[in-house]
Amino acid sequence: MERAVPLAVPLGQAEVFQALQRLHMTIFSQSVSPCGKFLAAGNNYGQIAIFSLSAALSSEAKEESKKPVVTFQAHDGPVYSMVSTDRHLLSAGDGEVKAWLWVEVLKKGCKELWHRQPPYRTSLEVPEINALLLVPKENSLILAGGDCQLHTMDLETGTFTRALRGHTDYIHCLALRERSPEVLSGGEDGAVRLWDLRTAKEVQTIEVYKHEECSRPHNGRWIGCLATDSDWMVCGGGPALTLWHLRSSTPTTIFPMRAPQKHVTFYQDLILSAGQGCCVNQWQLSGELKAQVPGSSPGLLSLSLNQQPAAPECKVLTAAGNSCRVDVFTNLGYRAFSLSF
Amino acid sequence: MHHLKPQKTFTPYPGPLSLPPQEGKYYSEEAEVDLRDPGRDYELYKYTCQELQRLMAEIQDLKSRGGKDMAIEIEERRIQSCVHFMTLKKLNRLAHIRLKKGRDQTHEAKQKVDAYHLQLQNLLYEVMHLQKEITKCLEFKSKHEEIDLVSLEEFYNEAPPDISKAEVTMGDPHQQTLARLDWELEQRKRLADKYRECLSNKEKILKEIEVKKEYLSSLQPRLNSIMQASLPVQEYLFMPFDQAHKQYETARHLPPPLYVLFVQATAYGQACDKTLSVAIEGSVDEAKALFKPPEDSQDDESDSDAEEEQTTKRRRPTLGVQLDDKRKEMLKRHPLSVMFDLKCKDDSVLHLTFYYLMNLNIMTVKAKVTTATELITPISAGDLLSPDSVLSCLFPGDHGKKTPNPANQYQFDKVGILTLRDYVLDLGHPYLWVQKLGGLHFPKEQPQHTVIADHSLSASHMETTMKLLKTRVQSRLALHKQFASLEHGIVPVTSDCQYLFPAKVVSRLVKWVTIAHEDYMELHFTKDIVEVGLAGDTNLYYMALVERGTAKLQAAVVLNPGYSSIPPIFRLCLNWKGEKTNSNDDNIRAMESEVNVCYKELCGPRPSHQLLTNQLQRLCVLLDVYLETESHDDSVEGPKEFPQEKMCLRLFRGPSRMKPFKYNHPQGFFSHR
Numbered sequence: 001m002e003r004a005v006p007l008a009v010p011l012g013q014a015e016v017f018q019a020l021q022r023l024h025m026t027i028f029s030q031s032v033s034p035c036g037k038f039l040a041a042g043n044n045y046g047q048i049a050i051f052s053l054s055a056a057l058s059s060e061a062k063e064e065s066k067k068p069v070v071t072f073q074a075h076d077g078p079v080y081s082m083v084s085t086d087r088h089l090l091s092a093g094d095g096e097v098k099a100w101l102w103v104e105v106l107k108k109g110c111k112e113l114w115h116r117q118p119p120y121r122t123s124l125e126v127p128e129i130n131a132l133l134l135v136p137k138e139n140s141l142i143l144a145g146g147d148c149q150l151h152t153m154d155l156e157t158g159t160f161t162r163a164l165r166g167h168t169d170y171i172h173c174l175a176l177r178e179r180s181p182e183v184l185s186g187g188e189d190g191a192v193r194l195w196d197l198r199t200a201k202e203v204q205t206i207e208v209y210k211h212e213e214c215s216r217p218h219n220g221r222w223i224g225c226l227a228t229d230s231d232w233m234v235c236g237g238g239p240a241l242t243l244w245h246l247r248s249s250t251p252t253t254i255f256p257m258r259a260p261q262k263h264v265t266f267y268q269d270l271i272l273s274a275g276q277g278c279c280v281n282q283w284q285l286s287g288e289l290k291a292q293v294p295g296s297s298p299g300l301l302s303l304s305l306n307q308q309p310a311a312p313e314c315k316v317l318t319a320a321g322n323s324c325r326v327d328v329f330t331n332l333g334y335r336a337f338s339l340s341f
Numbered sequence: 001m002h003h004l005k006p007q008k009t010f011t012p013y014p015g016p017l018s019l020p021p022q023e024g025k026y027y028s029e030e031a032e033v034d035l036r037d038p039g040r041d042y043e044l045y046k047y048t049c050q051e052l053q054r055l056m057a058e059i060q061d062l063k064s065r066g067g068k069d070m071a072i073e074i075e076e077r078r079i080q081s082c083v084h085f086m087t088l089k090k091l092n093r094l095a096h097i098r099l100k101k102g103r104d105q106t107h108e109a110k111q112k113v114d115a116y117h118l119q120l121q122n123l124l125y126e127v128m129h130l131q132k133e134i135t136k137c138l139e140f141k142s143k144h145e146e147i148d149l150v151s152l153e154e155f156y157n158e159a160p161p162d163i164s165k166a167e168v169t170m171g172d173p174h175q176q177t178l179a180r181l182d183w184e185l186e187q188r189k190r191l192a193d194k195y196r197e198c199l200s201n202k203e204k205i206l207k208e209i210e211v212k213k214e215y216l217s218s219l220q221p222r223l224n225s226i227m228q229a230s231l232p233v234q235e236y237l238f239m240p241f242d243q244a245h246k247q248y249e250t251a252r253h254l255p256p257p258l259y260v261l262f263v264q265a266t267a268y269g270q271a272c273d274k275t276l277s278v279a280i281e282g283s284v285d286e287a288k289a290l291f292k293p294p295e296d297s298q299d300d301e302s303d304s305d306a307e308e309e310q311t312t313k314r315r316r317p318t319l320g321v322q323l324d325d326k327r328k329e330m331l332k333r334h335p336l337s338v339m340f341d342l343k344c345k346d347d348s349v350l351h352l353t354f355y356y357l358m359n360l361n362i363m364t365v366k367a368k369v370t371t372a373t374e375l376i377t378p379i380s381a382g383d384l385l386s387p388d389s390v391l392s393c394l395f396p397g398d399h400g401k402k403t404p405n406p407a408n409q410y411q412f413d414k415v416g417i418l419t420l421r422d423y424v425l426d427l428g429h430p431y432l433w434v435q436k437l438g439g440l441h442f443p444k445e446q447p448q449h450t451v452i453a454d455h456s457l458s459a460s461h462m463e464t465t466m467k468l469l470k471t472r473v474q475s476r477l478a479l480h481k482q483f484a485s486l487e488h489g490i491v492p493v494t495s496d497c498q499y500l501f502p503a504k505v506v507s508r509l510v511k512w513v514t515i516a517h518e519d520y521m522e523l524h525f526t527k528d529i530v531e532v533g534l535a536g537d538t539n540l541y542y543m544a545l546v547e548r549g550t551a552k553l554q555a556a557v558v559l560n561p562g563y564s565s566i567p568p569i570f571r572l573c574l575n576w577k578g579e580k581t582n583s584n585d586d587n588i589r590a591m592e593s594e595v596n597v598c599y600k601e602l603c604g605p606r607p608s609h610q611l612l613t614n615q616l617q618r619l620c621v622l623l624d625v626y627l628e629t630e631s632h633d634d635s636v637e638g639p640k641e642f643p644q645e646k647m648c649l650r651l652f653r654g655p656s657r658m659k660p661f662k663y664n665h666p667q668g669f670f671s672h673r
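Chain order of the listed sequences is A and B. Note that full-length UniProt numbering numbers the first sequence so that position 34 is 34, with each residue one more than the last. Note that full-length UniProt numbering numbers the second sequence so that position 68 is 68, with each residue one more than the last.
It should be emphasised that the hints constitute simulated quantities derived from the structure, not laboratory data. Idealized CB from N, CA, C, for every residue including glycine. Treat the hints loosely; a few may be bogus.
The calculated label-pair distances, taken between Cβ atoms and stated as ranges, are [claimed, not checked]:
#1 A:Cys-35 to B:Gly-549: 24 to 32 angstroms
#2 A:Ser-54 to B:His-455: 51 to 59 angstroms
#3 B:Glu-645 to A:Pro-217: 21 to 29 angstroms
Keeping only pairs whose Cα atoms sit at most 20 angstroms apart, straight-line, the calculated EDC-like set for lysine to aspartate or glutamate is [claimed, not checked]:
#4 B:Lys-600 to A:Asp-76
#5 B:Lys-646 to A:Glu-15
#6 B:Lys-90 to B:Asp-37
#7 B:Lys-600 to A:Glu-15
#8 B:Lys-662 to A:Glu-125
#9 B:Lys-89 to B:Glu-153
#10 B:Lys-527 to A:Asp-76
#11 B:Lys-662 to A:Glu-156
Build out the structure end to end from the sequences listed, making use of the hints.
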């Protein structure tokens, strides 16, 4: 863990407040720019910081390169989810999704291009948007979160085309199954539901907590993270991290991880997961733990792999969570350095 | 017989027929010579020489033939040659004379020429001389050209007609200049007169001034006596001008920084803030004794000689005692000190005594808080009002344990003092704001040797410092009271802060104690605070324990001396179904955030003395929410330990599954931030 040097300068009110804010910061989401050289990170105060990966990875990187190029207040509430299209950065948090132009975002004082709010049923409390998913074939965006529905929004026109209902509690995560195309969603109710986008119907439901091998009642039944690779799906959260075969809805491999996982992704022939606990875990498909690489935050909430073809030198894994730091792994074996808000 | 051939006919030159008169001449030829022709004389000479040659030849002939009759002919010829010789002689004489005459004539002519030449030279010289004189004359600048004369118009305008004589001067520049010079002279005479007059005036006035001065100086003792006489009147009317005057008198003996402090504080007290009263304490005589004039030392010499004899008899004091004396000397205080009495709203008074350390050139302060009523100090509040720490960090970082004057380090090294910290209890704290109030400015890393006490520095800091001092005392007193209540397990929430919390709060504060700084650093859940540098040794540390049922929540509190503008920082550790801290439970982290980051909502009405108690109350509320909203574990039998009584819209939200910690007033339900 990077040890901050205790400050010798006297701390006035403003400095103390800033230090407290940084101590209590949580980074919920990350997104890589289309050119691959920049990384956007969204935190619980509603701020988005843009880091220059190319500057931080270059050989002349100094301490300032690990600070954001620009930080701006994007939302009033936390920024739970972000995705990037080939020109836009889409961020979502408390109830609405905003779009920013990547070329504009690097300049100070940039304004959002547009913001949209899906039609919510309840008006008492604005539900949060926990997950954003891009469907390139349809050029649409799927939002899911606090109101237990999946909304699809057409990116051209901005209209909300469908609302998929079925979850009984709020939705944590989404994954896209390219082939069909189908969307998988995991929620607080403990179920992973598959939706067919053309028919707008739920085609499959997997209630993970009902399977004894993977359920862990003391953690709860919530599904915090999902990833899919055509026929296979891995999900985790309250129940153990499990690899499922989708067609037969059977759990094939249970990964022996006690701590609940908050983010999981397929990478080459490995599965990377992160959650409570400071490590990024690398699993073989057989269920063996290949490596556990410690990061600098006590708990991780999001992983991002920069696989943009335009910037192969910035091909890194970045992990962020319960701190103001984003860990950068140039090589999956160790943490190279950390960017910091 | 050789017969002489007759020569060509030559008539001998007979010479002049009559001779000119011969007065004064030596030779008769001298007169003849003018009359004879030199050419004919030359011919005669040539004839004579020829005849002589002939005769000689004939004689020769005759002699060689020999014979008696020859003798007569020889004789004849001899006589003829004698005659010829005589002619020759005459001719010779003539020639010489002619030569001489010619020479004489030449000489005469030459002399004449020389004379003329000389005359010419003389004349030329005179010409040159005259020319020089002429040029000199032409170049001559008369003194009158150096005088700036008034211009022509002015002259004609101003000069009286008898001087300007326009009709004459207009035409004649020489006269004009003369007239102008006259006028100039006239003017100068007039001005000289005026000057003399003015001088005499000045003398008179100077004398008058002298007289008046003497009068004034005689006035002073009279005024003094009047003032003395008015003293009883002053006291009767409660206008202690004299007292103030006496203070100012004493103030004259203050060292410069204390003097600046005194002046600025009195000014501030009179102008802006009636609650501040300033006084000077200490012995004026001692202060005067510090500056003994050098003449006295002579008298002392004889005494000191006698003393020295005595001391040599005694044993020399040990090195340690010597060093100790040196240290005491270095840390010596000026005998005079300035006292401030700051009255606060609730009748408590902050007494500040400012000292000046002469050799170190810094000021220190000792503080004491007295309250209107006797305070019973709760155990945990021991440090709040202690003289050592009550003024600590009035400004961020100003802990008062180190000397602010960089030059002191060198002085300390000489006498073996490590740091001033060991002496602050006795000498007072050398806070930076104290130096600023005394106008002492220590730029970093530059030792200051001369005492420069700057009034403007003091004035600009006076108001802020006084306000900060009052806020400090009041917040400390408020904390004092609150601690008394906290130690009894009651969180004192004032009525105007009740709206921040729901009506029913079940969790209770059971313990409130101070902990030492080292103990705080040892706790396992406070490491991140220590790493960021927020847990220095100037802070005060406390531990609170909140309980509900089987759940025990420990809260480690960092209280910054700058409370309440700098919020207290909480770190939590919950013991309930395992140990939960911010590293393994996101909701504990959220609770800490609610109390630390969102403190501004909890400040309450100004001057926000309620911050700490509100934070503690909120902590109790948060614990209630946490325990009641814990999702029921299906595998465990039995009901939930804490039934949900709080009204919440949703139990979990967001990727971290946060509990609803935000209390909404007046609806009374809990929601998420």
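For this session: Look at the Cβ atoms of B:Glu-645 and A:Pro-217 and judge whether their distance stays inside 21 to 29 angstroms.
Result: Holds, at about 24 angstroms.
Exercise. Holds or violated: 24 to 32 angstroms for the Cβ distance of A:Cys-35 and B:Gly-549?
Worked result: violated, 56 angstroms
For this session: Take the C-alpha atoms of B:Lys-600 and A:Asp-76, compute the straight-line distance between them, and say whether it is at most 20 angstroms.
Result: holds, 17 angstroms
Problem set entry | Agreement of B:Lys-90 and B:Asp-37 with the hint, judged by alpha carbon distance not exceeding 20 angstroms | The given pair, whose Cα atoms are some 14 angstroms apart, holds under the 20 angstroms limit.
Exercise. Does A:Glu-15 lie within 20 angstroms of B:Lys-600 when you go C-alpha to C-alpha?
Worked result: holds, 15 angstroms
Problem set entry | Holds or violated: B:Lys-662 to A:Glu-125, with C-alpha atoms at most 20 angstroms apart | holds, 13 angstroms
Exercise. Within a Cα-Cα threshold of 20 angstroms, do B:Lys-662 and A:Glu-156 meet the stated pairing?
Worked result: violated, 38 angstroms
For this session: Starting from the hint 51 to 59 angstroms, judge whether the C-beta atoms of A:Ser-54 and B:His-455 obey it.
Result: holds, 56 angstroms
Exercise. Does B:Lys-527 pair with A:Asp-76 here, judged by a C-alpha cut-off of 20 angstroms?
Worked result: Violated, at roughly 30 angstroms.
Exercise. Within a Cα-Cα threshold of 20 angstroms, do B:Lys-89 and B:Glu-153 meet the stated pairing?
Worked result: violated, 100 angstroms
For this session: Compare the distance between the alpha carbons of B:Lys-646 and A:Glu-15 with 20 angstroms, and conclude whether the hinted pair is satisfied.
Result: With Cα atoms ~36 angstroms apart, B:Lys-646 and A:Glu-15 exceed 20 angstroms; violated.
Checked against the numbered hints listed earlier, the structure breaks hints 1, 5, 9, 10 and 11; every other hint is satisfied.
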